[in-house]
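Visitor: Residue numbers (the numbering used here), protein chains in the order written: chain U, 673 to 895; chain Y, 3 to 96.
If you are wondering where the hints come from, they were derived from the structure by calculation, not from laboratory data.
Every residue gets a Cβ at the ideal spot worked out from N, C-alpha and C, and that includes glycine.
Here are some of the chain Y residues that sit facing chain U, going by a computed Cβ distance under 8 Å: (1) Leu68; (2) Ala72; (3) Thr76; (4) Ile79; (5) Phe80; (6) Ile83; (7) Leu86.
Under the rule of at most 30 Å between Cα atoms (straight-line distance), these lysine-lysine pairs were calculated in the DSS-like manner: (8) U/Lys891 x U/Lys744; (9) U/Lys742 x U/Lys720; (10) U/Lys801 x U/Lys742; (11) U/Lys713 x U/Lys742; (12) U/Lys744 x Y/Lys65; (13) U/Lys742 x Y/Lys65; (14) Y/Lys48 x U/Lys891; (15) Y/Lys65 x Y/Lys48; (16) U/Lys801 x U/Lys744; (17) U/Lys891 x U/Lys742; (18) U/Lys805 x U/Lys742; (19) U/Lys891 x U/Lys801; (20) U/Lys891 x Y/Lys65; (21) U/Lys744 x U/Lys805; (22) Y/Lys65 x U/Lys720; (23) U/Lys713 x U/Lys744; (24) U/Lys742 x Y/Lys48; (25) U/Lys805 x U/Lys891.
Away from chain Y, derived, C-beta distances all over 12 Å, residues of chain U: (26) Glu686; (27) Ile691; (28) Leu712; (29) Gly741; (30) Ala749; (31) Phe766; (32) Asn777; (33) Cys788; (34) Gly799; (35) His802; (36) Lys805; (37) Leu811; (38) Leu820; (39) Phe823; (40) Gly858.
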Amino acid sequence: MNGPEIYCTIFGFELTETIVNTWIIMAIAFVIFYLLTRNLKAEGRPGKAQIIGETIVTTMDNLVGSTMGKDKMRFGAYMLSLMMFLVFCNVSGFIGLRAPTADLNVTFTLAIMTFCMIHFNSIRSVGLKHYAKEYIEPLPFLLPINILEQFTLPLSMGFRLFGNMTGGVIIMGLVYAGLTEMMFLGLVIPVPLHFYFDGFVAALQSFVFTMLTMVFVAKGIDQ
Amino acid sequence: MESSILSFLSQFDGLTIVKAASAIGAGLAMIAGIGPGIGQGFAGGKAAEAVGMRPDSQGDIIKTMLIGAAVAETCGIFGLIVALILLFANPLLG
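So here's chain U without its partners, still in its complex pose:
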């Protein structure tokens, strides 16, 4: 079992499998969302594509409204983008790509973005003084533990997504390595496993990552 393959090195920058797969996924996502959002109509009968697109946006807006509160609806766009990126990345195992989220660089980038969002929005909403006061509560000597807690959050979020997706990639790799001898069983056995690892776990983990981002950002703003 290897990590993402390195295709070539350009001026010290490694072009890995993760980056190329992300480009492919971006192209697919771009085409799908272009088809969904073309010919939008505010009046008259909307097309099928518009209905699907509006359903996705409305569902996510309702989720943001019920999880973060009605006053934080401005995060809806970011959360929908995050969710869609994660869903497309995680289900890419269905078309034989190695999921980009099975790479620590991608998951930690997303986790650090969440970390920055939490602290920036927290400082902007409660003010620097109140924000700093949170660290010495309930008792001042708990300061190191409170600081440690803030840095464990992106660590656990990044590792959770990475661990789940990498576990799936490794198990599928072992199954395919073990099935090379069997002709017909080799066609049947991977199918339910693909539906579990690339369908169920993938959708669940994208939902969980987005939900945790929403919960922690809302908690930081409301503290």
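Given chain U, put chain Y in place with the hints provided.
Guide: Here is chain Y on its own, set in the frame of chain U:
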């Protein structure tokens, strides 16, 4: 007893023993999977109870349960990361 084990081990290359110990350690690290199993099962059971009592708020219950289960999963995932590091990116092999 101790000296016989040591003399048995000393007939192998040092690197081989490190590799074998790393494989055993990776297996032991995955024992951490017990904790999330119990925790997620408990969360799922409680969620089933809650849905039985209040079937109309099923959506909220499932959402809360998934968050709790995901947080409970963290220590198991850390165990998995330790096992992966021991198997594929072992720092002890230098």
